[in-house]
Amino acid sequence: MKKIIFTCLFFFVVIYGYSQQFIYEYKNNLTEHSDEFILAIDGHFSYFNTVNSVYNAEYLSIAAKQLQTIDVSKMKRGSQLKVVVEKTADKIYNYQYLFGANIVLITTKEDLKWKPLNETKTLDGKTLHKATVNYGGRNWIAWYNLAIPIQEGPYVFTGLPGLIEEIYDSEKQHQFTLKGKPKENYKIEFVEVEKRSRYTRSSYSHFFTLLEEAKKNPFEFRETYASLKLSMTDVEITPEMIKRSNESARKTLSNYIIERSQPTQ
Amino acid sequence: MKILYTLLLTLFATYLQAQVRGLVYNHKEEPLVGCSVVMQNQEGGIVAYGITNKKGEFTIQYHLTSEPITLTARYIGFEKIEQSLTNTTKQPIQLILQPNNKTIEDVVVTYDLAIKQRKDTLVYSVDVLKDSTDVVLADVIKKMPGVDVDVSGKIYYQGKEINKFYIENSDLLGKQYNLASDNLPVNDVKNIEVYENHQPIKLLEDKLPTDEAAFNIQLKKKGTKTLTGDAQVGAKPFLWNGKVTPMFFSKQAQAMLVAQSNNVGERFDKYTNAIHIEDIGNFQQGAGSPFGTIRSIQNNVLNDERWRDNKSYLVTPNLLFPLGKDFNLRLNHTTSLEKTNYTTKEESNFYIANVQIKRRQQTDEAIDEKKHKTNLLLERNTKKSYIKNAFVAQLSTSNLAQQIQQQAPFSQTSNHNLSNFENKFKLLVPLKNEHIIQLKSEVQYQQTENNLELPVASSALLERVFGRNHNELLLQSVNNKLVQTNHSIGRKFMVKTIEVDIESGVQTTNSTLLTNLNQAMLTGELPKNNFSTTAQGAYFYPSFKWRKGIVTLRGQPLISYTKNEITNKTTNAKQGQEVLPFEPSLSILIEPSGKWSMYNYGRIGQRFSSLSKTNIEYFISNAQNVSYGGQLQVDDVRNKSVGTKLKYKNIFSSLFFNGSFNFSQSEQNLLNNVLYSADGSRKLETVYLPNKSQANKVSLEFGKLFSSIHLNAKLKFNYNTQNNVVLVNQNQEQVRNNIFNTKVELTENFSEEFVLNLTGKASLYQNKLFGKTTNNQQFQVKSKLTYLPTLAQSVGISNELFHNQEITASFLDAYWRKKINNRYRILIKANNILNTEEYSTYTINLNEEFMRTQRLRPRQFLAGVQFRIGKK
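Top to bottom, those sequences are chains D and C. Taking our numbering, the leading residue of the first sequence gets 1, the next gets one more, and so forth. Taking our numbering, the leading residue of the second sequence gets 1, the next gets one more, and so forth.
Calculated directly from the structure, the hints in this document are not laboratory data. Any given hint could turn out to be false.
EDC-like cross-link-like pairs, simulated, lysine to aspartate or glutamate; straight-line CA separation at most 20 Å [as the list claims (entries may be wrong)]: (1) C:LYS784 with C:ASP304; (2) D:LYS183 with C:ASP188; (3) C:LYS55 with D:ASP90.
With the sequences and hints as input, model every part of the structure.
This is how it looks when you write it as structure tokens:
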């Protein structure tokens with residue numbers, strides 16, 4: 001069992017109260033991957049991350065405070081969809097971990113041009129209303145609940161008059177579904193948005209350029225942008241390793257949640 | 001003209017943009033920030049919406065429409081407010097919301113996944129799985145998707161029995177874990193954790209994962225100290241059912257005592273039959289099997305409480321005591337006394353070429369059993385070393401008295417005494433370079449005595465053998481002593497990427513067998529049996545495992561050598577055999593994802609007789625069965641088997657599946673020639689006749705929890721085919737048996753008040769022999785509906801319907817339970833309300849079929865109190 005001796009970690013952390021927390025199930029219908037995400041809302045601020053990451057952060061935080069040895073086996077596995085989203089009163093910070101590169105895509109809430117539709121459906125006795133929006137080159141279909149007047153939803157989605165209970169892209173490749181509230185609220189500690197210095201800030205168009213670059217030559221992209229470069233380690237880089245790395249990366253990117261720089265209308 | 005004007009105005013209005021402005025306040029006239037304000041048409045369709053800003057203001061742009069519009073403002077913790085919007089509505093609109101007591105929890109379901117996964121651990125939430133009718137832990141375990149529990153309480157995860165059952169990560173009960181699942185109150189349990197690929201020896205963790213799983217019961221509070229009990233009395237006749245279970249579970253020490261007695265049919269075999277020592281070791285299976293154990297009680301489709309007339313007593317103290325860190329002493333003792341009476345009418349058909357023998361008989365049986373078993377275990381299980389010593393002492397006495405009514409009635413009695421002592425020692429220590437050395441030493445001493453008494457005139461077979469003494473009583477006594485030892489040394493290490501595990505050892509078996517008949521019965525055909533056998537052998541069991549990516553390959557070329565010798569102590573004649581079997585096996589495990597895994601295997605085995613099959617001259621089992629040995633011959637059995645297992649699990653959708661297919665073929669050179677007499681009594685002679693048998697088995701199992709509709713569903717299918725050669729009255733024939741079983745279990749919580757449990761079973765049998773095909777079927781449907789008018793009260797009614805070609809039996813039971821306070825509950829039960837008197841079962845074995853009809857317990861009523869004392 002691997003063990004890491006926790007020596008010293010400095011975090012500038014802010015503890016948020018998070019008066020509301022919701023669990024969403026994420027499904028990638030192409031890769032059959034699924035995961036649990038948490039949406040934590042406190043006033044105008046919301047935070048969206050995998051339940052496992054939140055759990056691991058809580059575990060690491062306790063271990064750091066008590067100067068304990070970290071038992072890696074007690075930590076949970078990471079998610080295939082490496083996405084963290086924070087929403088403030090007007091902005092949406094979409095943190096992407098793109099082959100070792102930490103990039104934050106910053107947009108505004110006004111960029112989400114929701115189209116409310118007359119269509120409704122009933123799910124478990126609740127009436128859900130339909131709306132559509134375009135984000136990341138995909139057309140998304142949202143079902144929201146007016147009975148929960150919280151203008152929030154999973155991932156980057158926000159701004160409808162009720163909580164989004166279900167949202168999926170028109171090809172149903174990526175899907176988020178509300179499962180309910182956690183039995184006990186998670187304690188979430190994280191670095192304030194403005195203090196996340198290790199993230200490269202990116203506009204919509206810049207992010208797309210990076211994405212295209214990553215698609216063309218994933219290995220080279222990693223070596224250019226990642227904070228931990230393989231060429232700086234003792235690892236011997238072989239053509240076979242580059243080939244395998246590229247194949248795996250292209251497979252992931254072929255079904256990436258963001259597809260194009262500008263939304264198609 | 002007027003119509004055209006209206007139409008134009010409407011069209012024009014559609015494209016006209018309008019705006020609504022307003023303010024939303026709470027009852028204290030403070031602005032509400034983030035309030036949803038929605039404009040809806042008559043059909044409820046959303047026309048437009050807005051959200052209030054920091055000042056509580058909203059502005060909504062919309063297309064002018066002629067249809068009526070309603071403006072609704074909603075905010076968590078406040079009643080929504082609606083207002084019709086007309087051309088004359090004054091702007092800005094002011095909306096004041098009044099508070100209500102509703103919280104977000106009232107609208108959104110609190111979410112707790114039934115199953116969560118952390119690496120190789122699945123966590124089943126008991127709160128999600130249980131319903132209001134569940135009382136003990138076993139009630140929830142049965143419902144866990146991916147888990148199956150058999151009648152004896154053994155737990156299977158994805159088709160394989162679990163290797164450990166921990167309570168708060170301590171192993172108090174060993175294989176007798178059904179004591180915990182049957183007695184731990186479900187309300188004390190927080191989670192049931194399933195450790196997949198569990199390696200119980202800490203030193204081997206991460207080095208030698210197994211393909212078995214373990215259970216760990218997480219209690220709600222640490223240091224649970226409790227006493228639960230149940231006392232019921234009833235009629236008719238006078239009935240009792242009582243149980244007291246003090247329990248103590250802490251991080252360091254654990255203790256559990258179960259004292260139980262009843263005469264309502266419940267038997268305790270499932271607790272007393274469990275093997276205490278986890279490692280069976282390398283003893284030759286069967287070498288120590290005592291001759292002539294008395295007839296065991298048949299397992300029934302119906303619960304014991306339906307048919308068994310009994311008096312049963314059980315005391316089992318269990319203690320786990322720490323001697324140091326990761327160093328424990330464990331004591332498990334079980335004493336049981338069981339008296340059982342039952343009456344069976346049996347109709348048997350024995351198929352012989354062109355002839356069918358039918359036999360009808362009624363048997364009244366009384367079985368009296370006393371069993372004592374003690375297990376003392378010392379175990380030190382650390383990351384650095386592992387040491388275990390287990391000692392088992394077992395004493396049992398069983399008496400069987402039968403009154404059999406065939407053409408003429410007769411009585412038959414037998415008793416069986418067993419003494420068994422075993423000691424097993426195991427040590428694992430690491431060497432340099434991650435090598436681990438293992439030492440094992442095992443010793444067993446077993447003594448069995450069997451006495452049989454019956455009249456010679458009880459069967460045509462015995463009358464023929466003892467013709468001159470047909471008025472006499474036959475007395476047979478058999479004594480068997482057995483000493484076995486096994487010592488081995490093993491080493492586990494890595495060669496590049498291959499894990500190597502080598503074990504080599506020596507084993508010895510010495511046994512003596514003395515069979516005596518009363519003096520008058522000794523004939524040339526049935527002399528005194530007086531034999532001793534010895535077996536000495538060595539074995540070399542290497543195992544290689546190689547893993548790359550998703551594929552794991554494992555090969556085990558097992559080699560052993562055994563020298564057997566048998567001595568006829570009467571004549572001093574000796575015979576011997578030397579055997580050198582080579583038994584390779586190969587398996588491939590493919591795990592493409594955490595959801596799927598596929599296991600394919602193939603193995604070739606060679607087994608030689610343990611001599612017991614051929615070394616005795618004869619053995620009289622009962623009036624209708626006499627076995628004959630014969631000349632010593634090597635019973636060479638060669639097995640081949642291939643199979644595949646497929647497992648799937650999806651934690652998010654709580655869906656589990658496992659399926660398997662197995663084909664096995666066996667070639668042997670000995671066969672029992674069954675010589676039937678006209679009354680169906682059988683003489684079994686071992687003869688040399690090379691023959692082949694084949695078996696196919698398909699098994700499918702599904703488990704799914706539909707959380708949204710509160711439905712738990714389990715489905716199971718089995719299909720078995722067997723092709724065997726039988727030799728009956730010198731006629732050799734192929735017999736083919738096909739058996740199809742299916743089982744469906746559904747639990748539906750319609751609401752907080754109603755819970756429905758449904759179980760359906762169907763079995764189809766087909767037998768082909770001597771050109772004749774026989775088809776039979778059995779169906780069983782159980783349903784239980786529970787109504788809970790309040791949390792403290794429940795009423796249940798259950799129905800059981802059983803049908804085969806002979807009989808349709810129906811049962812009705814009911815109960816009422818009321819919680820008086822946190823300590824006491826009262827219970828009233830009525831069983832077999834319809835007073836169904838008997839039922840029948842059908843079984844088939846090669847060329848023999850049996851239809852057994854059993855007398856059932858009458859209608860009865862019980863009332864009692866269930867209590868729980870102590871703090872959690």
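Checklist entry - For which of the previously enumerated hints does the structure constitute a violation, in increasing order of number? => result none
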